Every structure is written in structure tokens, then in C-alpha cells.
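Peer 1: This is what each chain is made of:
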Amino acid sequence: MSPASVEIKTLKIDGRDVGAREDQTILEVALENGIYIPTLCHLEGLTEIGACRICLVEVKGTPKLLPACVTRVQEGMEVMVNSERLQNYRKVIVELLFSERNHICSVCVSNGHCDLQSMAQKLGITHISVPYRHPHMPVDASHERYINDHNRCILCTRCVRVCHEIEGAHTWDVTGRGSQAKVITDLNTAWGESDTCTSCGKCVQVCPTGALSEKGKSVSEMSKRRQFLPYLTLMREGRP
Amino acid sequence: MNQEDLKEIAEKQKEANAPFEHNIHVCVAASCLSSHSDQVMTALDQEVKKRGLEQCCKVKGVGCMGLCAAGPLVSSGNNEKMFQNVTAMDAAAIVDNVVDEKPAPAAIVLDSKLPFFRGQKKIVLENCGEIDPEKIEDYIAVGGYEALFHALTSMTPAQVIEQISKSGLRGRGGAGFPTGLKWSTVAKAPGTKGKYVICNADEGDPGAFMDRSVLESDPHRILEGMAIAAYAVGANKGYIYCRAEYPLAVKRLKDAIKQAEKLGVLGNEVCDTRFSFRVEVRLGAGAFVCGEETALIASIEGNRGTPRPRPPFPAQSGLWGTPTLINNVETFANIAPIVRNGGDWFAGIGTEKSKGTKVFALAGRVTNTGLIEVPMGVSLREIVYKLGGGIPDGRKFKAVQTGGPSGGCIPEQYLDMAVDYESLASVGSIMGSGGMIVMDDSSCMVDVAKYFMDFCMSESCGKCVPCRVGTAHMYDLLAKITNGTASQEDLAMLERIAEVVKFTSLCGLGQTSPNPVFSTLRYFRDEYLNHIERKSCGAGVCSQPKAAGVGA
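Sequence order for the protein chains is G and U.
Residue 1 is where the first sequence starts when you use this note's numbering, and the numbers rise one by one after that.
Residue 1 is where the second sequence starts when you use this note's numbering, and the numbers rise one by one after that.
Because the hints were derived from the structure by calculation, they are not lab data.
Watch out, some of these pointers could steer you wrong.
Said to hold, decoys possible - Pairwise CB distance ranges, derived in the manner of DEER restraints:
no., chain 1, residue 1, chain 2, residue 2, range
1, U, S276, G, V6, 49 to 55 Å
2, G, P230, U, F177, 52 to 58 Å
3, U, E533, G, K12, 44 to 50 Å
4, G, F228, U, S34, 56 to 62 Å
5, U, R274, G, Y36, 35 to 41 Å
6, G, S118, U, F177, 51 to 57 Å
What the hints assert, rightly or not - Partial list, computed: chain U residues near chain G (C-beta under 8 Å):
no., residue
7, A287
8, P309
9, C461
10, G470
11, E495
12, R522
13, R525
To be verified - No farther apart than 30 Å at their CA atoms in a straight line, the calculated lysine-lysine pairs in the DSS-like style are these:
no., chain 1, residue 1, chain 2, residue 2
14, U, K122, U, K50
15, U, K353, U, K188
16, U, K122, U, K60
17, U, K12, U, K81
18, G, K64, U, K121
19, U, K122, U, K12
20, G, K12, G, K224
21, U, K251, U, K58
22, G, K60, G, K182
23, G, K12, U, K502
24, U, K188, G, K60
25, U, K49, U, K60
26, U, K258, U, K14
27, U, K121, U, K535
28, G, K122, U, K502
29, U, K353, U, K122
30, U, K7, U, K121
31, U, K502, G, K182
32, G, K217, G, K182
33, U, K258, U, K396
34, G, K91, U, K502
35, U, K502, G, K64
36, U, K50, U, K7
37, U, K502, G, K60
38, G, K60, U, K353
39, U, K49, U, K102
40, G, K64, U, K353
Note that the coordinates shown come from a computational prediction; the quantities given were computed from them, not determined experimentally.
We put the CB at the ideal spot given by N, CA and C, even for glycine.
Between the sequences and the hints, there should be enough to build the whole structure, so can you do that?
Peer 2: What follows is the structure, given as C-alpha cells:
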């Protein structure tokens, strides 16, 4: 879209007047203006899927809650990003994530560098009130450099998207339904036997938790490097 | 193929049918076939041949006659005489009765004047039980493809949409969105890369078989409706997304497409006009979520069938990013009659905001289970007691579940409520695609909620967190309540999670999955409390209390 054809919209986010290009999402505009909207499946540089539901916001005149990451701005929109109702729902959603698999931070390679963990801290979650489901999930350590621990996975599909959209390998995908869903490599073969994996490690770096990690890292040692992603995306699109 | 050709085929077929003084119709839809109606048909054929009656008595396979509970069903055409629970051994008795007016054994005689048949108004199902679903000529003989021809030759697309809007038809897939409005949105969307029409035949609600019956009984009706829609919105390609669990429907659809293309009522230059329309059948692998339109589109595109946030709506950006019209089977089945008789005619049937008729699959604890079509606005009592024949075994009515896993349970106090979109919503349920499950006092409502939650939990696609994890927790909590190990806190937790799942899930599956829980809690909260406080199940369905810790 050439700059000349882009319309500018004005809207209110949490009572503040902000200006935006018509092709921007509520999330982008909020971030530009220093307004925090929590996100998990979102990562700058990857396509948005609106799946984690953490970034839901209230828009005046719309009965439904809308995901800020995929909802485009509109003229005169009044957005509330931090109402009590939203805070409450976000807490429950994060609690649901903690309860789904095994997220015991104290023994995790990503302890201290984990998006889920910091989300819980930001939302003021001190304990999980829903019962842990603790399914039996195998750990795939077949790759020579990386480990996939499904127990830490929150199914944000950042790995799936980065592998498909940036690396172009599409090694990762999702299989199964509901709580049986899990990320897989190739056609559900061991990661180490994947014919398509280029071992680039992008999936590991974008993973929000300790689900994908580098071998040899011990508790709290796995911090992720995501800075490369917006740069790669820019280069891909040939934008200055 | 032009109008004269069409008339000629119709006349020819009528002539071919005329010499037969007697007709014997055998239901060959899935339900009756499953109780061997094919053998009945062969036996009847042989019996007729044995007696040398081939010239005056015709045995024909037809679509669903509705009263599936009493199948296999046989009728004498126009349902004057009907026979139930027929076996191949009854062939002689039936021919005796139809041809020679000899009395038939009481066990197989079905009273065709039953309120079940008389209380219905058939638009969608008008050809079911009358025509041979495997013969296009039979469909043409009852006026089939006339509406398409009329639309193509004497109406503009805008005029077609005007009639559909005027009719007040609302989507029969469940949400009840105005069909005319949907069509005009797709028609207006710029479709430089083409547009598509999709028939959603991914029926998957427990207890529902409306779409399957229509597809098996009258497949050409769907094709005609789709072709008219395609003309109206400017599409040249259509897909029927049908679940693979419906092999007979798929086979009849594919055969129907071949026949229609051969006659030139589908394909290139339909009916000698400049309009072309091709239809393909796509099989769904059996995922409930693929009934959601964005998931359905993803599935047709060859991707994992998961929904995406809307907007953009399919009308703007659907299949392969182009404007796409998606309607349900029953919606398309209503199109030809509306074009034939005009929108005003259709708008004269039903209630103020819900026009026309609705097909319901009546199931559960009711005497006459099967397929019915009634005008919008009839009462639940009429459906359950008059058409359905009441509750068997002298038991007491408890609730009727409408709308499948997205719907809710309606208790006795609302039995006199008119059945339309708004009234059902006002008592916490929905029309849905038309499943209707009647329950008596032997049903435990907590167990019912658990059953639907089990379904939603297994059918959740797993993409969004509240639906994927929330439904699993809700199921676990309901299981805890039914096995007598739950506390008041668990009930509070159930309500808390249900609210989050309802308001934060990505698609309709998650957003509506707590409905059975909400509606049973609203009307049968005492049953929940009974399980929790007294550890007992009033209906005697749930297991006895178990030692604490034996959770789900």
C-alpha cells in the first residue's frame, strides 16, 4: 500500500486520543503509544493468529471481546484494554495455561526468561487455583542441538509460524485436537530424524517458554534471542 | 438444454409414471437402509414380477419419509397407505394390500393420518418420500430446475437477491443470519479473482440428521439452490463440504452432479445461458469444528481445519482470499421454492421474525423419533406431544435439548413457547441446525451437561486456550460432580471457567460450549446441589459416590 492511499484514523485507547494508519491493529497502535496490552502468541515479525486470547480488549458498542492483535483500528473507536473484567479473564486464561501441562518454574531451563512466567508476574498471579492436569508428554531430545519438551509447550505455534514464514522449511506443525493437540516435526517423526529441519534454531529462539531449548543448558540458563526476527521480516519484505 | 427440453423431460417422466396404477415407495435413505430396506425393495420387485404386475405396479426407492423410528418404511405414494417395520417377508402382504386391497397384517400397518404426518408443513422435505433421489428425471418431473431456469432467463441477480431478502429466510445452520443480506454482501464484494459458493454439509451435532436426510433424499434440490445462489452473487464455482461419515449422501451428491452436468443444468453455459457453474464435493474428515465457516474454508484449502478470527468475514475474504458465500444445506434447500413462488409467499409462513419452516431431527425419549418439518412458531408442546406422540413408557417429560452442543435444555414451563430464533434464545437455548433431543425423568441433567462437554472437549480444535483447556476442566469438574466427589468450590470454579470460555474463545464452538452447562444450571441447579451436598443422583444415572480423590 503506497503511503498516499493510507487513511489516518483517530481513536481512543483507555481514554487517550491516538492517531493510527487504517492498516494498523489496536495492538500496534497501543504499543506505539506506550499502552501495555499483554500478549503470548503474538510476536513481532510473525503473522497474527489471535489464539492465546490474552490480548482481548473491550470496544465500546461491541458486545464481543476482540483480540487486539488482529483487530484493525476504526475511526472513533473507543478501546478499553485494562478493565477489571479483562484482567480477571486474563488471569483465568493464564491459570488455564499453567494447569494444562507441567509448568514447574523452579526446574525449568527457561526459569527467569519465560514469557508465561513473566506474564503471570505482571498479572499478579501468585498461585494456580484450577487443578493441574499433568498429562503424560514425552520429551524429544533426538535432535543433536535442541530439545523439545512438550510439557512446557503452550501451543502458541510461534515455532510453526517462524519455521514456515521465515525459514521456509515448514518442519513444524500441529497434530491432534483439543487437549491432545501438540506440535510435531515433519509427519510426527522424531525431530532428530527430520528431513526438512535446517537446524537454524529460529523455533528455539522464538519459543516463549522452556518447551524448545538448546542442549546443554541447565535450570534458568536458557534465555531466548528474538531480536533477529523483526530484522529478518523487514529484509524479507524488502522494506527499508 | 433450454426450457422446452426441460419441459419435455418432465412430460416424458410423467408419462413414464402414468401407466402405473399402483406405486410402492420404499425408503432408501440411510436410516431405513440400515434396517435392510434394500432387501425389502428387492423382495417387492420380485413379488411384483412374480405376479406379472410390472405394467401396473411400480416399486421405487425414495428418500426419507420421516418416521425413522418405525423403519423400514414403505408407502403407496402420496403416503395414502403406509407400512412400518417392514421386512422382505412382508412383500407379498404389501402387494396384496396395495394392488388387491386385501387387509395387511396389523403389525406393519402405519396410520398415515397420524398427527406426526398431518401436523407438518413441508417445503424443504416436499420431495422426500416421493421422488427417486438417484434420478434427475424424477426431480425434473416435480418441477425441479424450473426455478433455476426462471432465475437465469428472466431475473437479474439483483432481483433474485431481492426475492430472497423479501422471503425473510434466515440461515438454517444455526445462527439465523438473514440469507438475503449475506447474499447481497457477497454480490457486492469485488471478486476480481472469482467468487465461491459453499454448501456447509458438515453436520455433526449429536442427535442431528436433518442435512443428511435432505442430501440423501433430494440432492438436486441442493444443487439447484447453490446454482441460483452462484448466479445471484456472481460465482462460477461451488463446493459441497460434506462429512465423510455420510457416504450415501456423498455418493448421491456426486451422481446428481454428473447427471446435472450431462443435462446441462450445471457446468458450462447452464441452460444455454452465459452462466457457468461447477460443483465439487469435498469430504470432511469428521471434525465438528469444520462446520465453523472459517475452519471449513481452511479445510477445503487443504490446511488444518482451524478457525481464524473474523473479520474479515468470508463474504469479504473467504476461500483462497476471495468473496465466498457459505450457506447450510437446509438454507439452500429453501431457495428453489422461494424463487418459484416468490419471497412474499415464503414470508407468509412462520412468525414475524422467523419465516418459513424448520426441519427438526426429533430424538430421545419421545414415541415418534424421526425427521419433521414444521412452520416456525409452533409450540414445543405440539412438537413433543402431538407430532412426537408424547413420552413413552408412561414417564414424565423433563426437558428438551435444542441446538446440540451449542444449545441448551428447555424445561417443562416453556413447553408452550413458540419455536423461533428469538424465543429459543430468550430461554438460554438456540435453534441450532435443528437437533431436538427429548428427555424424561430418567435423565440426569448434570450427566447431560457432562455428555455435551465431553463432546466439545474432544472436538475443540486446540487452537485457542480457553476452549482447549477450559472445556477439559469443565468436563473434569462435571465428572467430579457426577461421581459425588465435588464441593461447592468446584461448582463455583465450573461457573467461573464457563464464563471465561464463553466470552474469550475464538470461534463459535468454544463460545457456545458452556451453553448446556448454563442452561442446566439455570433450570436444574437443584440437581447439581443434590449431587454435591447429598451425593445422590435423583435420576439414578450417575455412579454412586466414590472415595475422595477418584477424580476424573
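Peer 1: Are the Cα atoms of K7 (chain U) and K121 (chain U) separated by 30 Å or less?
Peer 2: holds, 27 Å
Peer 1: Given the hinted pair K122 (chain G) and K502 (chain U), is their alpha-carbon gap at most 30 Å?
Peer 2: Given pair K122 (chain G), K502 (chain U) holds - Cα atoms ~24 Å apart, limit 30 Å.
Peer 1: Less than 8 Å between beta-carbons is the criterion; does C461 (chain U) satisfy it with respect to chain G?
Peer 2: At 6 Å from the nearest chain G Cβ, C461 (chain U) passes the 8 Å test, so the hint holds.
Peer 1: For the restraint on G470 (chain U), tell me whether the closest CB of chain G is nearer than 8 Å.
Peer 2: holds, 6 Å
Peer 1: Please verify whether K502 (chain U) and K64 (chain G) have alpha carbons no more than 30 Å apart.
Peer 2: Measuring from Cα to Cα gives roughly 10 Å; hence the hint holds.
Peer 1: Note whether the CB distance of E533 (chain U) and K12 (chain G) lies within 44 to 50 Å or breaks it.
Peer 2: For E533 (chain U) and K12 (chain G) the Cβ distance comes to about 49 Å; the hint holds.
Peer 1: Are the Cα positions of K122 (chain U) and K12 (chain U) separated by 30 Å at most?
Peer 2: holds, 26 Å
Peer 1: Holds or violated: is there a CB of chain G closer than 8 Å to the CB of R522 (chain U)?
Peer 2: Since chain G brings no Cβ nearer than about 20 Å to R522 (chain U), farther than 8 Å, the hint is violated.
Peer 1: Between K121 (chain U) and K535 (chain U), is the straight-line Cα distance small enough, at 30 Å or below?
Peer 2: violated, 47 Å
Peer 1: Can you confirm whether the C-alpha distance between K12 (chain U) and K81 (chain U) stays at or below 30 Å?
Peer 2: With Cα atoms ~27 Å apart, K12 (chain U) and K81 (chain U) stay inside 30 Å; holds.
Peer 1: Holds or violated: is there a CB of chain G closer than 8 Å to the CB of P309 (chain U)?
Peer 2: Constraint on P309 (chain U) satisfied, holds at 4 Å.
Peer 1: Below or equal to 30 Å on CA atoms is what counts here, so check K258 (chain U) against K396 (chain U).
Peer 2: Distance of about 50 Å is beyond 30 Å: violated.
Violated hints for the displayed structure, listed by number in ascending order: 1, 2, 5, 6, 11, 12, 13, 14, 18, 20, 22, 27, 33 and 36.
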